[in-house]
Each structure stands twice: as C-alpha cells, then as structure tokens.
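Spelled out, the chains give:
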Amino acid sequence: MKIINMDHVAASPILPEVADAMIPFLKEKYGNPSSMHSMGEEVTEAIDEAREKVAELINAKPQEIYFTSGGTESNNWALKGGLFANRAKGAHLITSSIEHFSIMHAIKALEKIGVEVTRLPVDKYGFIDPDDVRKAITPATALISVMSANNEIGTIEPIGEIGKIAKEFNIPFHTDAVATVGAIPVDVQNLNVDMMSLASNPFYGPHGVGALYVRKGARISPLLDGGIQEGGYRAGTENVIGIIGMGKAAEIAIREIQNRSNHVRPLRDRLMKEIPLTIEEVGLVGHPTERLPGNASLTVRYVEGESMLLFLDMEGVKIASGSACISRSLKVSHVMLAMGIDAGTAQGSLLFTLGIDNTNEDVDDVIRILPPIVQRLRDMSPLYKKTGRLKAVS
Amino acid sequence: MKIINMDHVAASPILPEVADAMIPFLKEKYGNPSSMHSMGEEVTEAIDEAREKVAELINAKPQEIYFTSGGTESNNWALKGGLFANRAKGAHLITSSIEHFSIMHAIKALEKIGVEVTRLPVDKYGFIDPDDVRKAITPATALISVMSANNEIGTIEPIGEIGKIAKEFNIPFHTDAVATVGAIPVDVQNLNVDMMSLASNPFYGPHGVGALYVRKGARISPLLDGGIQEGGYRAGTENVIGIIGMGKAAEIAIREIQNRSNHVRPLRDRLMKEIPLTIEEVGLVGHPTERLPGNASLTVRYVEGESMLLFLDMEGVKIASGSACISRSLKVSHVMLAMGIDAGTAQGSLLFTLGIDNTNEDVDDVIRILPPIVQRLRDMSPLYKKTGRLKAVS
Amino acid sequence: MYNETVMDHFTNPRNVGEIPDADGVGSVGNPACGDIMEFHIKVKDNILEDVKFKTFGCGAAIAVSSMVSELAKGKTLAEAMLITNESVIEALEGLPKKKHHCSNLGADALHRAIEDYQEKQKGETFEKPVDSPEVCSCPVCDVNDPEEAPYCASACARSSK
Amino acid sequence: MYNETVMDHFTNPRNVGEIPDADGVGSVGNPACGDIMEFHIKVKDNILEDVKFKTFGCGAAIAVSSMVSELAKGKTLAEAMLITNESVIEALEGLPKKKHHCSNLGADALHRAIEDYQEKQKGETFEKPVDSPEVCSCPVCDVNDPEEAPYCASACARSSK
Ligand SMILES: Cc1ncc(COP(=O)(O)O)c(C=O)c1O
Ligand SMILES: Cc1ncc(COP(=O)(O)O)c(C=O)c1O
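Residue numbers (our numbering), protein chains in the order written: chain D, 1 to 394; chain U, 1001 to 1394; chain X, 2001 to 2161; chain Z, 3001 to 3161.
By construction, these hints were calculated from the structure, which means they are not laboratory data.
From the three backbone atoms N, C-alpha and C, an ideal C-beta is built for every residue, glycine too.
Treat the hints loosely; a few may be bogus.
What the hints assert, rightly or not - Listed next, the in silico DMTMM-like pairs over lysine to aspartate or glutamate satisfying Cα-Cα at most 25 Å (straight line): (1) Lys27(D) x Asp1357(U); (2) Lys2097(X) x Glu1042(U); (3) Lys1027(U) x Asp129(D); (4) Lys29(D) x Glu3004(Z); (5) Lys1002(U) x Glu1361(U); (6) Lys1029(U) x Asp20(D); (7) Lys2042(X) x Glu2004(X); (8) Lys1124(U) x Glu1361(U); (9) Lys3097(Z) x Glu45(D); (10) Lys29(D) x Glu1361(U); (11) Lys1002(U) x Glu1315(U); (12) Lys2122(X) x Asp2023(X); (13) Lys1002(U) x Glu41(D); (14) Lys1089(U) x Glu1045(U); (15) Lys2097(X) x Glu2070(X); (16) Lys1029(U) x Glu274(D); (17) Lys1002(U) x Glu3070(Z); (18) Lys385(D) x Glu2115(X); (19) Lys1029(U) x Asp129(D); (20) Lys2(D) x Glu290(D); (21) Lys2120(X) x Glu2049(X); (22) Lys1385(U) x Glu3070(Z); (23) Lys164(D) x Asp129(D); (24) Lys112(D) x Asp123(D); (25) Lys3042(Z) x Glu3070(Z); (26) Lys2073(X) x Glu2119(X); (27) Lys385(D) x Asp2045(X); (28) Lys3097(Z) x Asp20(D); (29) Lys2(D) x Glu1045(U); (30) Lys2097(X) x Glu1281(U); (31) Lys27(D) x Glu1049(U); (32) Lys2044(X) x Glu2093(X).
Unchecked claim - To give an idea of the interface, some chain U residues facing chain Z are shown, with a C-beta separation under 7 Å as derived from the structure: (33) Pro1121; (34) Asp1123; (35) Val1282; (36) Ser1307; (37) Ser1381.
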C-alpha cells in the first residue's frame, strides 16, 4: 500500500545523506569526545562541525549552541535553568496559553516551587498580542517564554516584536522554535531572543536530539550537571550519532529551506481549500496565511479525530489530531480551547503536516479518501442529527 | 598503525549486530512512537522490546525501565527527582566521596538549594563501609546514592549490604551502575536498590543513551516534564536509534557477560602484574581483586598522565588518566585523593579499561611501549632526581 | 494499538443506529472527553429484543459500543445490568489501558437506557445525569507518583474507582 | 588537540636539563595542578647565554617550557622579562584555551630564574614564592555563568586576572 506521511510534525524521514553521515559513527568512529587521545579527537571535530552548521541555520555562533536530547530537554532546561540563574531578578514568568506540553508541564513543575506564572491569551487565530507581554511585565519578571510557531495550529507568533519588548525591559527571552526551525528561516539576531529550543527531526534529522541556543552573556544554570561536555553546561557523553545527524540535516536545511517551503505551501493551500469543499462543516484552524508552510489544521464537526485517523491509517494516510483520545492525556488540545474553539468541535481535529516527500497526488488521494470516512463516522454519530450528505466536488 | 583501545570506559566499539539493528531506524523506520497511526506503532514495539532486554539485563520489570540520554541524565534525574519526590522525608542525602561528576555536581547543585549532604569516606582501596552508611542516617535522610563500582579505580562497592540498610530504614537507595552494568552481572533484586543508573556504551551500545531503573512504588518526580513518553516520567520524543541500539546491546550482554569478564580479567591481571615489573615506583590503585574485571588503574611517579597518554597515543595505544590535565576541570581525580593518594602521585595516573577487542598481544605491546615513554618523561621531570633506570624485565 | 477483535468491531460495528420507537434511551459522555455513546433499546418480556447505538468517539469507543450491543441483545434486563467494564474488555480480548474508560462508558450507556425504560414503566420522568469531563480516564494513572502528573490527577482519581 | 608546532616541541623539547653552575634558578607550579617547571639560566653580560628547563606536566607544559627556553636564549634579561603568556602562545601558533595557564607558568618560571639571578647579584637571598593549587586554570572560565561552575570558580578567578 502506498504510504502518505502527512504527520511530519511527529516524524519526518531521515534524509539519506543524513543517514550516510551517521553510519560511520555506528561503525568505526566510536570515540568519546572527552577522551584525550586521537580517537576522541576525530569525534570532537565532527561534533564541532555539526555545531557550526546548527549555529548557521539560526544565525548564531557555534559556541552558543548546546546539544541536548531534543526539544523537550531544551525547553525544560531553558525554563528551569533560566529561572534559576536569573532568580536575582525574581520568580515571575510570562508565557502563552498555547505552549507545547514540554513548556506547559515544566512550568507547572516550577509553579509548585513558587514561581508565579502569567499565561497570555491568544486571539481566534492563535496570535499572542505583544502588547499583552508588555502589560504582563512586573519588576519580578525573570523570564519570558513564547513559542515561535505552534505545532498544532501552525500560527507563527510575532517573536521579533516580543523580543524587542523583552530587550527593552532587559528580561531574558526564550522561544520554543522546535516546530519552526527547518520550516521557515529563523534568525536569532533579528528575533532578539536569548534562548531558542530546536530539535533535529523537523529538518529531517534523527529523533531524540536537539539543541538549545543560549546567547553569549545570557544566564542559565545546567539542568544536567556533571562532566564538562558542552562547556560544562550540558553534561553527559554526547549522543554522537544523533548530533552528527543533526549537523548534516542542518547543513542541508540551510540551502534547502526555501525550496522546502515553496514545495509544501501549495500542497497545504490545496488541503485547506479543497477539504472544506468536499466535506460540510469543516473549520480552518489558525491563521490562513501567517502559518507554517506545511501545516494544515482543520476540524470536522460531529466526529472524533482518532476514529478518522484509524480509517485513514488503513488507507495508508498518516496524520495527527488534537483530539482528546489522541492526546494521550485524554484532554482535548489546550491550544484549540485557548483559541475559543469549543471542546466538541476540537475533537474533530485533523492535523496535516507536510514534508518534502509529499506530492500533489498525495493531496488528491487525501481529498478522495477522507470524505467517505467522515460520512461513515457521521452516520454513526449521535451528534450528527441531520442527513449528512457529501457535497459534490465543485 | 595498529590501534589498541584500552579506554573502554570512555568508548567501547558498537557491536556490528547492534549497528545492524539500528540502521533500519535510520532509514525506513522513522516513525514517532507517540503517533496514533501504524508508523508509530512499529517503533513503539521495537522500543518495548528494547525495554524488555534492558530490564532482563538487571533483572527488573520492563515497566521499571525509563530510557534517558545517558548515565548523566539518569544520575541527575535520580538525585533531583528522587529528592523532590521524597521531600516529605526530609532533605538529607547520603553519598560517597568517590562518585562520578554527574553525581558529584548534581549534588553540589542540590546543596545550593538547601539539601544537606553527607559524603562518606573510603578506605585505601576505595571501599565504602556500610556501617558508615548506617551511622550517617538521620530522620531527615531522604535518599542514599552510592555508586556500584568506580570507573577510575575499578573497586566494586558493597551495594547489597548498603541496600539492606537502606531497606531496613525505608530510605530510597540509588546506585550509579554506569560503569558496572555490562561488566559484571547486576541484579536489582539482590542488591535491594530502588533506582539504578545505566548507560548503553559500556556494553557496546551507542553513546548518549541510557536508562534509569525505578523500582515500582519508588517515588520520583520527572526531570524532563512534557508529553507522556516513558509513562509521563521522562518526556521527549525518544532517541529511537539509540534505544534500539541499547536494547540489542543488552540482549547480547545478557548471554555474553560471563565470557566477557573471563576474557578481560587475565589481561587486566597481566597489566597490573607486569607493568610494575618493568617500571620502578608504579602504584596499584584500588583493590587487587574486588574490582571490575577490565579495569587496571596505576600511578607512575614523577610524570604526569597527559604527557604519557600523548606518547602512547602516537604509538596507537588509547588509554585514560585521572591526572589534573586530563580531567578538563584541571583538578586531580577526587577519587584518588579520597583514597589517600597524594595529588602529585595521582598526576601519574594511568587507567586501562579493557574490552572484548583486546588481546594478549595488546598487553605485550603496552608492556613494551610504556617503559621507554615513562623514562623519557622522567628524564625531563624536575621531580625525578635520581638516575632513572629501567628494570630489566624479569 | 488495537487487537483484531477491536478493529473488527470498529470497522464493522454491529447494531449502529437509532430505534425510532425505543422503549429506553440512555447516553453518557460529553464531547470534552471525546466520547458520547447513546443506546436505544427495545424491550419485550423483560428481554432486550433490540439494541442500537450511536457513538461519537475513538476507535475503542465505537468497538466497545458495538460489543456492548452484541452482549446485551437477547439478554434479560437483569443480565444486561451485569455487563461490566471487565466483561466488555474481556469480550474484546483486551483494550489498551488508556482506553479502559471507554469500556466503562459503553456499559454505563446501556444501563442508563435500561434505567430509562424502567423509570418510564413506573411512569417517572427520568432526570438524565450530566457527565463532567472527569469521566475522561488518564493514561498515567498507574505511574509511581500521581502528584507528579497533576494534569491528570482528577481523571486518575475517577478512573481508579 | 595540539597543533604541529606544539607537538614538535613536546616530542622534541629543546634545552631540557639542568645547569650545574646556574646563575639563577626559578620554578613554579606544584603537583596538585599537574605542572611544575624549573628553569636554570646562565647569564653573561646581561645576556641569557644558556637556558635549560625541567618540566613535570602535560604536553602543553613541556612544549611551553621548550618554547620559552628558545625564546629566551640569547636575549638580554630585560628582553626576556618581556616574554609573556601571549608571546609564548603566539610562538607556539596557538594552544587550546584550557592550556593557556601553562603558558603563564613557563614565562613565570623563567622570570623567577632571572629574579633569582638579580637577587643573587645584589647579595640578597631570594625567598622563593610558593604556588598554591589556585594557579590551575579552568576550562569553563569563559562560560556564561561562572557561579554555575563553582568547582572551578577559584581557578577562573585566578586565570582571568
Ligand atoms: C560511573 C559513571 N557514572 C556516570 C557516567 C556518566 O555517563 P554518561 O557519560 O553516559 O552521561 C559515567 C561515564 O563514564 C560513569 O563512568
Ligand atoms: C513546538 C514543540 N515544542 C517542543 C516539542 C518537543 O520536542 P521533542 O519531542 O523533540 O522533545 C515539540 C515536538 O513535537 C514541538 O512541536
């Protein structure tokens, strides 16, 4: 069966060039970068090269890049380490109400130990208002953390403007750019951020490896204390294979990023335009244009996301959903709720995240496969009281 | 040039079978275990299988194994998460004075936030006295953490006895077994430990992946908050490739562990016996028999470790040293100091850690290569005032 | 994720629909949880002559509804009231832990339809209970320290009853 | 780790040894830091006619000693006193950051030998300074928040002077 992966936010394939770059480190190059001898050195050099590429991808300096075990660790570290190091400023944190779980739950843990948190609302598109950030600042504000673009709804936040405000008040500013870096060009200088989380898989590197950018001079305490890997700031023998993969993936992303977004944008636009033409009562989620180029987020009324995903999966189409059943914590997406979408509607969430391997034909297939699945489930749904009928494709 | 890797504590080669098991996950199997669809499922199953093997290696249950980014993360998590979850008991921690940096520095971070720490001394062999543990216990003791075997000096600690005492007082007990698991059989049931840190590379898996064993019922808070990977206890998209490698490596270690220690023990014994016969004023570090089978730790007086390592490296011999120059923090090994070895002598530390790829010939080579290097450096040393002369090999 | 039996009931659910002249109707769940199940029953001589359902929910919810309808059909009311969480899971040959709450819902919805029928027999108007989002279960209920998963705490409390 | 020039001086150090009838002797470092350098000098007409060293230490320490001895030989005392940390590193075409303290030590040891000579000329007994372990430098000196690397703080304080 033909597999159509439109769940790139969860899993993008590792590029063959990336895999090829990694394989020598599975075989002959097994040195430990901390070793004094030459076996360690060849690995250190390879890691340094990876660091340079990752730095270049976001216009940072290599020594501002710390490799981590992924977006979650980067986020936890930025928040916990950032607040601890800046505790002289106070213990007030400003964030948004649509952050990824790795921000949300890290912050809940911080609240337990006395950190005060302001969670900014978003409008119906999922936008945070920079003015709200300004208003939320208190003399005790020690950190601002706002995501660059939301993984579920695609909306790209006004990070540059928030960065300016943070700078004006001299408050450290972190942004979770896990869903953003690799999808659109990101420049830490323009954005005025002090810390930025990124992960490798969104730009076709391996899972379980990421980085935290920490601007030179920004204060942060280690989350993983120990040896002096990563300048003493992130201890632990390096995930060499993963870091090499991330570096190679970054190198390719630097030159391909524009092509990639040019490739997925029209496919995304087709999904967002054509699905509502073939299925009644489909809602578009997020902003129509200020969104990640590969992200199409929809809600289908009267049916629940997991059941649609299961039928799609049987037909080879792999996507995600913000429904409660999918979320594993069995709560409907807090992001959609924060945008004012009611819980019932949000259950019908469908999230398509496109990648370089998707084609126009894939979109044709999805537009053909999805409507009968929806109809079948609506016919079973106690919420769908009218006679459901497919609209003819116009 | 022939390469002789006797620095397995830093870097053991990844077994070919392990690399072969990992490669499909670099290529076609790129799913995210958290995905609802079938692409995620095949990966979830592979991770579950890895979890079973790692559990079996230490006689734990699969659901007691949490994958991490390595020994350092496991140690930081056990200490920080263990103390936080057990804070109702108090904020007193008992540890030893010879722990790995990832324990030592995590504890220093904890001290900053008010945790009281008792660091137990060791005797000249590096042994911790279980009676000292008993005496150190206070009503506020919330955690005991003592390493299973020391990576630098090889000494195997009486963990089972300490475990009994911890159990008697109902105090959670963690052991850093990163240097131990894979080298000798380890059984969490016999040892009475509640938490155990392990890493994959010591048993010929990849770097940058490890696990924390947490006995069912033991209390621990997450260090990485976020999604509900690893049962919500260790969030973050999994390092799939690394975990698969660790699982395969564990599977092989289960059946090979006895052969491995039988292979390295006589080689180690030769190094410890023959080097002092060919070089004057060499000290043996650690206990002569109660030590990791592949670990030979020595001190060579009047010369410094790094300079010996550089010359050895030029001849293809890769080893480690606890000297200050090597340590990167430019402090001489705290482990040797704790054993009563003076700083000057400890500078001459040489650490050989043997593995399955070492042979009797390798040992011959080392015993041939090392003495002239030592002599050359001694002749340059202001500490070596006598006429240095090589002893004839007897 | 789901076994074959579950997938069979999900892809070919039995007894989907409504009974226009139902003797009893029961529903549970709410959209916030992701599951709503509605059961219609036809009773004759104290026996469930016909059972139909409509379900909004995940794969497990649909499979559970289908299985409950099959288990119930032809049973006496008393027998049907004994259909439990566990019996549904067993009939489905297992459900992922985090889907166990769905099996609760299925039996509950059926029981409410039966209660509705019984109330109507007595001529009483039946006040339908309203479900709160707390009927949602939680996959981290069986972790070591529920305090550490506060975002699920209420759900855990409920599902561990 | 080390460049070719450093490795050349490490593997073939120039001017190793002692001068039995030295005009001045200077040494710095202590074993706790991992480096001890001892310089012997022979002075004629205010010029360093001969310079020899013995060093206990890492590769950089040996290379630095060798380079300092070469730089100093033939220079006037005043010129030799101008040999600095930076000039040694430059002559070696660079050293890893964490080894910069070694270059300090080399120049220091030479300068002490010169001072020893000068004190002797004046007929004074020279009280040799004793080094503490704080002369050890720290590789994390240039990280963002030295407070977070307390184990190196004292070393950092010293080396950033
Ligand atoms: C005893 C011990 N504990 C912890 C660690 C740290 O493990 P990792 O480097 O995987 O973070 C090591 C590493 O060598 C070790 O030997
Ligand atoms: C916006 C965002 N932040 C953080 C993460 C967590 O990253 P990881 O899964 O690499 O830990 C994700 C993962 O999808 C994400 O989309």
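Hints, one by one, checked against the model:
no.: 1; hint: Lys27(D) x Asp1357(U); result: holds, 14 Å
no.: 2; hint: Lys2097(X) x Glu1042(U); result: holds, 18 Å
no.: 3; hint: Lys1027(U) x Asp129(D); result: violated, 42 Å
no.: 4; hint: Lys29(D) x Glu3004(Z); result: holds, 23 Å
no.: 5; hint: Lys1002(U) x Glu1361(U); result: holds, 11 Å
no.: 6; hint: Lys1029(U) x Asp20(D); result: holds, 15 Å
no.: 7; hint: Lys2042(X) x Glu2004(X); result: violated, 30 Å
no.: 8; hint: Lys1124(U) x Glu1361(U); result: violated, 32 Å
no.: 9; hint: Lys3097(Z) x Glu45(D); result: holds, 16 Å
no.: 10; hint: Lys29(D) x Glu1361(U); result: holds, 23 Å
no.: 11; hint: Lys1002(U) x Glu1315(U); result: holds, 8 Å
no.: 12; hint: Lys2122(X) x Asp2023(X); result: holds, 13 Å
no.: 13; hint: Lys1002(U) x Glu41(D); result: holds, 17 Å
no.: 14; hint: Lys1089(U) x Glu1045(U); result: violated, 38 Å
no.: 15; hint: Lys2097(X) x Glu2070(X); result: holds, 22 Å
no.: 16; hint: Lys1029(U) x Glu274(D); result: violated, 31 Å
no.: 17; hint: Lys1002(U) x Glu3070(Z); result: violated, 35 Å
no.: 18; hint: Lys385(D) x Glu2115(X); result: holds, 24 Å
no.: 19; hint: Lys1029(U) x Asp129(D); result: violated, 41 Å
no.: 20; hint: Lys2(D) x Glu290(D); result: violated, 32 Å
no.: 21; hint: Lys2120(X) x Glu2049(X); result: holds, 17 Å
no.: 22; hint: Lys1385(U) x Glu3070(Z); result: holds, 24 Å
no.: 23; hint: Lys164(D) x Asp129(D); result: holds, 13 Å
no.: 24; hint: Lys112(D) x Asp123(D); result: violated, 28 Å
no.: 25; hint: Lys3042(Z) x Glu3070(Z); result: holds, 14 Å
no.: 26; hint: Lys2073(X) x Glu2119(X); result: holds, 20 Å
no.: 27; hint: Lys385(D) x Asp2045(X); result: violated, 31 Å
no.: 28; hint: Lys3097(Z) x Asp20(D); result: violated, 33 Å
no.: 29; hint: Lys2(D) x Glu1045(U); result: holds, 22 Å
no.: 30; hint: Lys2097(X) x Glu1281(U); result: violated, 64 Å
no.: 31; hint: Lys27(D) x Glu1049(U); result: holds, 23 Å
no.: 32; hint: Lys2044(X) x Glu2093(X); result: violated, 30 Å
no.: 33; hint: Pro1121; result: violated, 19 Å
no.: 34; hint: Asp1123; result: violated, 22 Å
no.: 35; hint: Val1282; result: violated, 16 Å
no.: 36; hint: Ser1307; result: holds, 6 Å
no.: 37; hint: Ser1381; result: holds, 4 Å
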